[in-house]
Structure formats: structure tokens, C-alpha cells
Amino acid sequence: MDASATASEKNLKSRVNHVATVAAAYADEVDRDSRFPKEAVDAMKAERLLGIMIPEELGGEGLSISEIAELCSTLGQACASSAMIFAMHQIKTSSLVTHGNDADWHRNFMRRIAAEQLLLGSATTEAGIGGNLRNSICAIDAKDGRCFLEKDATVISYGVESDAILITSRSHKDAASSDQVMTVFLKDQYTIDKTHVWDTLGMRGTCSDGFMFRGEAPAEQVLPHPFAEIAAQSMLATAHLLWSSVWYGIALDAFTRAQNFVRAAARKAPGTQPPGLVQLAELSSQLQVIRSNIVGGLRSYEDACKDQDRLSSMGFAVAMNNVKIASSEMILPIINQAMRICGIMGYKNGTPYSLGRHLRDAHSAQLMISNDRILGNTSNMLLVHKQETSLLG
Amino acid sequence: MNGEIRALLAKLGGLPVSIDTIDDNGDLYAAGLSSFASVQLMLGLEEAFDIEFPDHLLNRKSFASIAAIENTVKTILADREVA
Numbered sequence: 001m002d003a004s005a006t007a008s009e010k011n012l013k014s015r016v017n018h019v020a021t022v023a024a025a026y027a028d029e030v031d032r033d034s035r036f037p038k039e040a041v042d043a044m045k046a047e048r049l050l051g052i053m054i055p056e057e058l059g060g061e062g063l064s065i066s067e068i069a070e071l072c073s074t075l076g077q078a079c080a081s082s083a084m085i086f087a088m089h090q091i092k093t094s095s096l097v098t099h100g101n102d103a104d105w106h107r108n109f110m111r112r113i114a115a116e117q118l119l120l121g122s123a124t125t126e127a128g129i130g131g132n133l134r135n136s137i138c139a140i141d142a143k144d145g146r147c148f149l150e151k152d153a154t155v156i157s158y159g160v161e162s163d164a165i166l167i168t169s170r171s172h173k174d175a176a177s178s179d180q181v182m183t184v185f186l187k188d189q190y191t192i193d194k195t196h197v198w199d200t201l202g203m204r205g206t207c208s209d210g211f212m213f214r215g216e217a218p219a220e221q222v223l224p225h226p227f228a229e230i231a232a233q234s235m236l237a238t239a240h241l242l243w244s245s246v247w248y249g250i251a252l253d254a255f256t257r258a259q260n261f262v263r264a265a266a267r268k269a270p271g272t273q274p275p276g277l278v279q280l281a282e283l284s285s286q287l288q289v290i291r292s293n294i295v296g297g298l299r300s301y302e303d304a305c306k307d308q309d310r311l312s313s314m315g316f317a318v319a320m321n322n323v324k325i326a327s328s329e330m331i332l333p334i335i336n337q338a339m340r341i342c343g344i345m346g347y348k349n350g351t352p353y354s355l356g357r358h359l360r361d362a363h364s365a366q367l368m369i370s371n372d373r374i375l376g377n378t379s380n381m382l383l384v385h386k387q388e389t390s391l392l393g
Numbered sequence: 001m002n003g004e005i006r007a008l009l010a011k012l013g014g015l016p017v018s019i020d021t022i023d024d025n026g027d028l029y030a031a032g033l034s035s036f037a038s039v040q041l042m043l044g045l046e047e048a049f050d051i052e053f054p055d056h057l058l059n060r061k062s063f064a065s066i067a068a069i070e071n072t073v074k075t076i077l078a079d080r081e082v083a
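Which chain is which? The protein sequence lines are A and B, in order. In case it helps, full-length UniProt numbering puts the first sequence at residues 1 to 393. In case it helps, full-length UniProt numbering puts the second sequence at residues 1 to 83.
Note that these hints are calculated values from the structure, not bench results. Where a beta carbon is used, it is the ideal one built from N, C-alpha and C, also for glycine. Treat the hints with caution; some may be incorrect.
Among the chain B residues that face chain A by a calculated CB cut under 7 Å, a handful are [said to hold, decoys possible]: (1) Arg6; (2) Pro16; (3) Tyr29; (4) Leu43; (5) Phe49; (6) Phe53; (7) Asp55; (8) Ile66; (9) Ala68.
Straight-line alpha carbon distances no greater than 25 Å define the calculated DMTMM-like cross-link-like pairs of lysine to aspartate or glutamate that follow [said to hold, decoys possible]: (10) A:Lys45 - A:Glu67; (11) A:Lys386 - B:Glu46; (12) A:Lys173 - B:Asp24; (13) A:Lys173 - B:Asp20; (14) B:Lys61 - A:Asp303; (15) B:Lys61 - A:Glu56; (16) A:Lys13 - A:Glu56; (17) B:Lys61 - A:Asp307; (18) B:Lys74 - A:Asp307; (19) A:Lys386 - B:Asp79; (20) B:Lys61 - A:Asp309; (21) B:Lys61 - A:Glu229; (22) A:Lys386 - B:Asp50; (23) B:Lys74 - A:Asp104; (24) A:Lys173 - B:Glu70; (25) A:Lys173 - B:Asp27; (26) A:Lys194 - A:Glu39; (27) A:Lys143 - A:Asp104; (28) A:Lys386 - B:Glu81; (29) A:Lys386 - B:Asp55; (30) B:Lys61 - A:Asp102; (31) A:Lys386 - B:Glu70; (32) B:Lys61 - A:Glu388; (33) A:Lys45 - A:Glu161; (34) A:Lys143 - B:Asp27; (35) B:Lys61 - B:Asp24; (36) A:Lys306 - B:Asp55; (37) A:Lys386 - B:Glu47; (38) A:Lys194 - A:Glu216; (39) A:Lys386 - B:Glu52; (40) B:Lys61 - A:Asp174.
Only chain A is shown next, with the shape it has when bound in the complex (with noise of 0.2 Å):
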């Protein structure tokens, strides 16, 4: 505990500036071998970032939602592999705050996060369902107060590395598709066998393989709330906002790569405009619009949470859903301009101003989750919901 008191008196900026530095360390070798970010993981560990969104009477540190996407976006511009991982735990553990306070052997894991700097994997989809994480075939069997579950899991990210996984399933072997539930389950309840590996274009040091899955727990650890309202109420909408911020990061790092470019030309040629100057312009430009959208998606998440029907509305899940897809579609053309703005030395990897990584992984945003998919829902969605017609709402 006192690692943790020490930690917390650390400002945080400083901690995560530090975990950000070993993220950026080992960015390209992450990328290149397609392997877990270890040390910037451990690093996470060191300054105990993996707790801090878990209430302090807890042991966290209660961080607000709009606190945490500030550390994405800052580790997004260093290691978007590392910053994903640690944008996803927090979405779990958005989950476990939201919906576990009320149930002991949740609030007791939760407190075990804080306290072993728990790392949290996520299975939501599943062979057959097509990606719609709000379907799913696997069931949960309880009986005698133990729970079974077997999934043929497409994607478990760093399912390896996991300390515990969130995994959805059917409440039970009769139950709808969309009668969910979502279960904890700690490393040692489980095992995993790989079915795919993870050799994608970017945001490679996920490590999201594909696995079977069998576990078995205590009955107890089902979280005590549908996970209709789970994906409702904390998920969808910390999934859009931590991602969006990542990518963010993604995008600004490019832009200031471009922009360091374009000032070393300028100190070369003094006096005259360097290629690429007005092109900066328009990029900071576009990635201020990115920016406004994610912060005011931010608080509108914010201000829902003090209001129950607020936070399952249509209205919200829309916003919500378009946050996500303007800061996925708008960061490609920012990537592509910068790489326009350092030519050659933004395409060859190993100079200052490299920015293949930063294409790859950006190119996640609209197919790791897919875009069309979202586009789908928003659109059967605006057929009974109406456009807000005030500026200010």
C-alpha cells in the first residue's frame, strides 16, 4: 500500500509522461514484432495506473472519464498498441464501477485491481455472431452456486497477458441472443487455447488472438446487472470516448511530427516559407474539430451520468455513436497530409518523422470496430430519433 500512497503524490502528469516515455521506447519494435508492449505495461503497473479509475474507498482514485482520455490521448502519442490496452482495461473497468459497486465479490475484486494493479482482457465477440457484441450463442451454466462457460472467442485482446477476463455470454442455455450477461473470470479459473493469431496491419501490439475459452468460478463473480444496460449505460459509451482519444494521439503525434519537419526547414532556409506551411495550417485546423468533438462527447457523457434515462437514451447512444465515427474517419486524411508535409522521410521508417506505424494503426479505427456496423445502428436509430435543433442542446 505504500507503493500506492507514494504513487498517488506523484503528480499525474509526471506519471504518465514517464509511462509514455517507455511507450514510445519500444513503439516501433512492439509494431514490428507484433508483441505485447511489456514494458510499458509494467511501467502502467509502476505508477499504478491500471487502478485509477476504481472509487478511492477502494483503493483507486476515482478518475473522472474525461481525466482518463487525457492519459489515452497522451499514450496514444507514443504507442498506440500500449495506449489501446490500456484504453480497453479501463473500459472494463468502467464496467465493474458502474454496474459491480453493488455486489461484494465485485467490490472486493475491485479493490484486488487496485491493490495487485490487475490487468483486465475483454471477450465480446464470438464465432457466429458476426460482430455484434450484443448477440451472443455461448450460455453461462449455473448451478450449485458455480457458473460454467465455453467460447469460441475470435478475439480476446492480449488474452494472454490478461490477470482476468470480462466475457459475455447468454444469462443462461435458454435465454434469447440478446439475454446477456457479463462474467469475471480470474486467470487461474480458465484456460485459453489459441485458435487465430493477431498479424494485422496496425495496432499490432494488442495482440488480440483468438482463443477457446473454458472457465469455471464461483456464481457469484456474473456481474448483477443485464449487460444490455452494462453496454448501454458504461461501455459503448467509454469505449467511444477512450478510443476516440487514442486516436487522437495518433493524429496529433503525426501532426507534430509534420510540424518538426517544417520547422527544421525553416531554421535551414531562414527568411523564406518552407513547403508544407499552409498544409500545417489547415491540419491543425481539422485536428481541433477531432478535438472539440471528443471533449464535447465527453461531457455530455458526464452530464448523463447523473441521469439514468438520460444515459440509455436514444439521443445519447447517437452522439455517442457519432463521436466514434467522425474522430475514426477524420484522422486518416490528417496522416495522409502529414506524410504529404515530410515526403520521403515521413514514408521511410527509422527517421524522426516516420509515419507508417502511425497509418497502420490509425487504419484500426474504422475496422476494428467496424464503422458500418455503427453506421447501421445510428441509422435504424434516426428513424424515430429527431435531430437536437438548438446549438447549444
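Assemble the complex: chain A is given as a structure, and chain B must be docked to it using the hints.
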């Protein structure tokens, strides 16, 4: 009204079970009402009762059970009479 809502649910709800097996307070989401089907149901209700759902009633709670839907529709109808 209850009968009309049940008929619309049977037609648009896409439920894997017969509507007769669900009582008025039964959880429709647990019975398999998807978000897509719930929007189709809302459109059906708007058409059948000649109403328009205001945004503040477009949430999970309003459509959680047959009784909740009935309540929501009655609220909208009552508001309309006042206005």
C-alpha cells in the same frame, strides 16, 4: 390498447417466443427484443396510435415491458390532450 400492443409486438418484435407466454411486466429485452426490433415497434406504435415519441421517452425503460409501453403511449396521448 394492451391487445393492440401485443399484436404489434408479435408482428414487429422478432421475439423467439410466442407473445402469449410474456406477461405484462415481463422483461422484453430478456425475451429477445433487439434494438433494431424495438425501433420497428416504435414506428408501428406511432402509426397505430397516431403519435410521435418525444426524444426523452426514447429510452430502454419506455420499452422494457408491455406495461411500460402501454404507460409510455398513454403518457404521450395524455400530453397531447393537454396541449
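Status of each hint after checking the structure:
About 18 Å separates the beta-carbon of Arg6 of chain B from the nearest beta-carbon of chain A, more than 7 Å, and the hint is not met. Of the supplied interface hints, the one on Pro16 of chain B holds, with its beta-carbon coming within about 5 Å of a beta-carbon of chain A, less than 7 Å. Restraint check, Tyr29 of chain B versus chain A: the minimum CB separation of about 5 Å is within 7 Å; hint holds. Proximity of Leu43 of chain B to chain A holds as hinted, the smallest CB-CB distance being about 6 Å (cut-off 7 Å).
The criterion of a C-beta within 7 Å of any C-beta in chain A is not met by Phe49 of chain B, whose closest approach is roughly 14 Å, and the hint is violated. The interface hint given for Phe53 of chain B is met, as the beta carbon of that residue sits about 6 Å from the closest beta carbon of chain A, less than 7 Å. For Asp55 of chain B, the interface hint holds, since its Cβ comes within 7 Å of a Cβ in chain A; the closest pair sits about 5 Å apart. Hint status for Ile66 of chain B relative to chain A: violated, with the closest Cβ pair at about 16 Å, above 7 Å.
Because the closest C-beta pair between Ala68 of chain B and chain A is about 12 Å apart, greater than 7 Å, the hint is violated. This hinted pair checks out: Lys45 of chain A and Glu67 of chain A have alpha carbons roughly 18 Å apart, not beyond 25 Å. Only pairs whose Cα atoms come within 25 Å are accepted, and Lys386 of chain A paired with Glu46 of chain B is accepted, the gap being roughly 14 Å. Taking the CA atoms of Lys173 of chain A and Asp24 of chain B, the gap is about 24 Å. The hint holds against a cut of 25 Å.
The hinted pair formed by Lys173 of chain A and Asp20 of chain B meets the criterion: a straight-line CA distance of about 21 Å does not exceed 25 Å. Restraint check for Lys61 of chain B and Asp303 of chain A: satisfied, since their Cα atoms lie roughly 19 Å apart, inside the 25 Å limit. Distance restraint check for Lys61 of chain B and Glu56 of chain A: the Cα-Cα separation of roughly 31 Å exceeds the 25 Å cut-off, and the hinted pair is therefore not satisfied. At most 25 Å may separate the alpha-carbon atoms for a hinted pair to count; Lys13 of chain A and Glu56 of chain A meet this at roughly 19 Å.
Distance hint between Lys61 of chain B and Asp307 of chain A is fulfilled; the C-alpha atoms sit about 13 Å from each other, no more than 25 Å. With a C-alpha separation of about 23 Å, the suggested pair Lys74 of chain B and Asp307 of chain A falls inside the 25 Å cut-off, and the hint holds. With a CA separation close to 19 Å, the supplied pair Lys386 of chain A and Asp79 of chain B stays within the 25 Å bound. As the CA atoms of Lys61 of chain B and Asp309 of chain A are separated by approximately 8 Å, the hinted pair is consistent with the 25 Å bound.
Restraint check: the Cα-Cα separation between Lys61 of chain B and Glu229 of chain A comes to about 10 Å, which is no more than 25 Å; the hinted pair holds. Restraint check for Lys386 of chain A and Asp50 of chain B: satisfied, since their Cα atoms lie roughly 17 Å apart, inside the 25 Å limit. The suggested pairing of Lys74 of chain B with Asp104 of chain A is violated, with an alpha-carbon distance near 40 Å, which exceeds 25 Å. For the hint pairing Lys173 of chain A with Glu70 of chain B, the CA-to-CA distance comes to about 30 Å; that exceeds 25 Å, so the pair is violated.
Our distance criterion of 25 Å between C-alpha atoms is met by Lys173 of chain A and Asp27 of chain B, whose separation comes to about 17 Å. Restraint check for Lys194 of chain A and Glu39 of chain A: satisfied, since their Cα atoms lie roughly 23 Å apart, inside the 25 Å limit. Only pairs whose Cα atoms come within 25 Å are accepted, and Lys143 of chain A paired with Asp104 of chain A is accepted, the gap being roughly 20 Å. Annotation: proposed proximity of Lys386 of chain A to Glu81 of chain B holds, straight-line Cα distance about 22 Å (limit 25 Å).
Under the criterion of a C-alpha separation no larger than 25 Å, the hint pairing Lys386 of chain A with Asp55 of chain B is consistent with the structure, at around 7 Å. Proposed proximity of Lys61 of chain B and Asp102 of chain A is supported: the alpha carbons are some 21 Å apart, at most 25 Å. For the hint pairing Lys386 of chain A with Glu70 of chain B, the CA-to-CA distance comes to about 22 Å; that is within 25 Å, so the pair holds. Among the hinted pairs, Lys61 of chain B with Glu388 of chain A is consistent with the structure: their alpha-carbon atoms are about 21 Å apart, no more than 25 Å.
The suggested pairing of Lys45 of chain A with Glu161 of chain A holds, with an alpha-carbon distance near 13 Å, which does not exceed 25 Å. The straight-line distance between the Cα atoms of Lys143 of chain A and Asp27 of chain B is roughly 23 Å, inside the 25 Å bound, and the hint therefore holds. A C-alpha spacing of about 14 Å is found between Lys61 of chain B and Asp24 of chain B, which places the hinted pair at or below 25 Å, so the restraint holds. Using a Cα cut-off of 25 Å, the hinted pair Lys306 of chain A and Asp55 of chain B holds, with the two alpha carbons roughly 18 Å apart.
Note on Lys386 of chain A and Glu47 of chain B: the hinted pairing holds, with a Cα-Cα distance of about 16 Å set against a maximum of 25 Å. Only pairs whose Cα atoms come within 25 Å are accepted, and Lys194 of chain A paired with Glu216 of chain A is accepted, the gap being roughly 18 Å. With a C-alpha separation of about 10 Å, the suggested pairing of Lys386 of chain A with Glu52 of chain B holds against the 25 Å cut-off. The hinted pair formed by Lys61 of chain B and Asp174 of chain A meets the criterion: a straight-line CA distance of about 24 Å does not exceed 25 Å.
Violated hints for the displayed structure, listed by number in ascending order: 1, 5, 8, 9, 15, 23 and 24.
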